[in-house]
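K.L.:
Listed below, chain by chain, are the residues.
Protein chains: 2
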Amino acid sequence: MSAIEITKESVKEIVDLVDTKNQKELLPVLEKLFPADIAEIFDDLNLDQAVYIASLLDPQKKVDVLTELEADVKLKFLKGFDNKEIASTFFAYMESDDAADILNSLDSISSKEILRNIEDKEHSKNIASLLKFPENTAGALMAKELIKVKQNWTIKQCTDEIRKQAEDVAQVYTCYVVDEFDELVGWISLKRILLSKESTKVESIYNDNVISESTYTPGEEVASTMQKYDLVALPIVDAFNRLVGRITFDDVLDYVKDEAEKDYQMLSGISESVESTDSVLLNTRARLPWLIVGLVGGVASSLVIGNFEAELAQNVQLALFMPLIMAMAGNVGVQSSSIMVQGLANNSITNEGLWGKLGKELAVALINGLVCSALLMGYGFLSGNSQDIMITVSLALLAVILLAAIVGTVVPLVLDRFKIDPALATGPFITTSNDLLGLLMYFLIGNAILA
Amino acid sequence: MSAIEITKESVKEIVDLVDTKNQKELLPVLEKLFPADIAEIFDDLNLDQAVYIASLLDPQKKVDVLTELEADVKLKFLKGFDNKEIASTFFAYMESDDAADILNSLDSISSKEILRNIEDKEHSKNIASLLKFPENTAGALMAKELIKVKQNWTIKQCTDEIRKQAEDVAQVYTCYVVDEFDELVGWISLKRILLSKESTKVESIYNDNVISESTYTPGEEVASTMQKYDLVALPIVDAFNRLVGRITFDDVLDYVKDEAEKDYQMLSGISESVESTDSVLLNTRARLPWLIVGLVGGVASSLVIGNFEAELAQNVQLALFMPLIMAMAGNVGVQSSSIMVQGLANNSITNEGLWGKLGKELAVALINGLVCSALLMGYGFLSGNSQDIMITVSLALLAVILLAAIVGTVVPLVLDRFKIDPALATGPFITTSNDLLGLLMYFLIGNAILA
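Top to bottom, those sequences are chains A and B.
For the first sequence, position 159 matches number 1077 in my numbering, and the numbering has no gaps at all.
For the second sequence, position 64 matches number 982 in my numbering, and the numbering has no gaps at all.
Hints may be right or wrong, so weigh each one.
Note that identical chains are pooled: a pair holds if it fits in a single copy or bridges any two copies.
Straight line, CA to CA, 27 angstroms or less: simulated DSS-like cross-link-like pairs of lysine-lysine [stated by the list, open to error]:
{"hint": "1", "residue 1": "K1066", "residue 2": "K1050"}
{"hint": "2", "residue 1": "K992", "residue 2": "K1115"}
{"hint": "3", "residue 1": "K992", "residue 2": "K1050"}
{"hint": "4", "residue 1": "K926", "residue 2": "K1278"}
It should be emphasised that the hints constitute simulated quantities derived from the structure, not laboratory data.
Kindly generate the complete structure, drawing on both the sequences and the hints.
P.N.:
Right under this line is the structure:
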């Protein structure tokens, strides 16, 4: 069976069954759906409908559906339950990282009450321990559930441990090997355990080439480590190299996708994570700030040009090529800044350093600028425009391309140096400042040549 | 041990050891490095140096390094070996999908010679069978290596099968269950096998809720299915539901990242996959085409404005606000088109349909347009600019924002309908056409009001 497609029609059918409380027909439908599918359907349900469906699911599936919900839908859905129910119905069956995620978006009174009401005190402590890590660090991303085996155990003991933990750790890919001090010393794959004799000692077969990260490693480093080494799970250690959690591939996949979307939206001038399916108001709120940046930039441009009104009146043809100058300044600036932002994200920039990068970007800009200026001069000849105007425009074009490349290269690097997200330097911000600088340059050159 | 950082200095040390053929000191260094690290170092080596390092690695590690190399470095490195060596040294130990990837970028004569020289004929056939699938489909992304067990087997038989395949299938996460016709009927996790008795029958414990995709499913659908259902591996079936391969999470992670980078670069006007570390020439070639699009657009703008030269000469102040109109048209167009492109990529658009989307984007544009126009009128009052000019600019601004939203929404949808990558509609292309339309609108409104 391939992935199920949730259509408008199938959602409508389910809503009808829910509204008529037709449990008999609903149960087999829900049976066939995966948690992620039911979560998708929840997007279109009101609270009562969602709570009714949840009441028909078995405990683990109910929790899996909750985990798959989008952040805002999740909080809305949980409003259908009191804190005691949340603890006993959901948190009891939930992996620690998913539970901590939810607590992070609740108020502290509810959080405490939920934690207090979890029966398994160990589980409650695990969840609470994740709350102390700063957002977007390995500590905040990891789950406490994992299979830990001791160096001096036999394979039989490992299998017993896996059996004991089987309920809590849904997905087992690797067992982590620790020494007597609980320090991480290696790993052993499930395949290896399966193919080894029961009496074999772990220490004689485990792999001591283990990659781990510490709790304070930033999320992007975790993602790039897991991607570089193709890891299905990454063990996380504390400052004393003691094993404290693991991050799995699905978390990283979500993380990589979210980060890419954030950068993409920044580049396109949208300030919040917003989707085409979100409301008109949310879409407006996400875009208006950047438009106002553009508006202010436009007004500033009018003031810059205002200073050259006399020249413009004398050479109206200068106005004809303003769009060209602006468009090129914008394009070059965005090209340079986005290359920088991607380079910074991939950590590929540190090696060459600021001056190397700048030199290279200038070389690229010089070639592109010369080609474009030459093309423009050629067009000038053929079109029969005023020679002086065309020389002005061509010279200004070269200068503006170089300037935009410098701005586009330096601004992201400077932001990064000051620990500000360099992606801010892409999109409307860089375009607007390049417009301004470009026009100023254009009129100064025009002034010098045409005066 | 946390991930190893490859620095300029550590590469230099290794290069020195290679150049002096200091095998004694080099071996323990290479021992400690993971294949992905050695692959990173290869970026900075010439062919002789890389071949020397490869000669010191054991067969499997040598292959793993090759697999981790970037596409261009990989081909350069393989030039150090003849086709016979490539077959016996590399392809013999390589998973089918990685091998097929390489063959796809070689000429057909070399490909055939390599395939002929692989000793294991089954393996050679497997690789060849992957070459027939169109690029970017599940068939082209999958590997043939997987663990397949029969419904009527015992757990003991499964373990034996895993033991038999252990060499070929490096990573085992799940065993796929097939019936007598080789049709995929379910799956069973390694954990389940480990915890079951040897005499247990597969059919009594396997999970029949299996998600699969067919060989012709596009890559983006594979990625979104695996992400939605958090799958570590996805089985691929042929038209008769027979199990023919599997795609693993690491392939999808790479795929998601590559696609995101491609979209990002398209949005920023860079036409090839290029990194800040690539050469000046490659960087120039990737950017110049888009700059020429911008240049042509700029010249077209000058022709549009040229038609209004008389009006401009009379109202020079009109020129002052050209940048504002252009910037806003560009910003709104990119916002709308990038939201569309993301929505299409996430498959969240099909539900509402073209008209619903367009209506929503227009509503957002109307609110943003009214707010921006009002702000601009306010500024006009305070600044003491000519009333007529400010009314013209404000009206034109509203019209241009609405127009840019329509263009930004419709163009990606139309491209998508014609099976063209909608991401083409972001970046310089949309900005340039919006500039043109926006300026035309501006001068037409100016002409009507000021004439």
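K.L.:
Hint by hint, note whether the structure agrees.
P.N.:
Comparing the hints with the structure gives:
no. : hint           : in the structure
1   : K1066 to K1050 : within (23 angstroms within a copy, 44 angstroms between copies)
2   : K992 to K1115  : neither (46 angstroms within a copy, 40 angstroms between copies)
3   : K992 to K1050  : within (22 angstroms within a copy, 44 angstroms between copies)
4   : K926 to K1278  : between (52 angstroms within a copy, 18 angstroms between copies)
In the structure shown, a violation is registered for the earlier hint numbered 2 alone.
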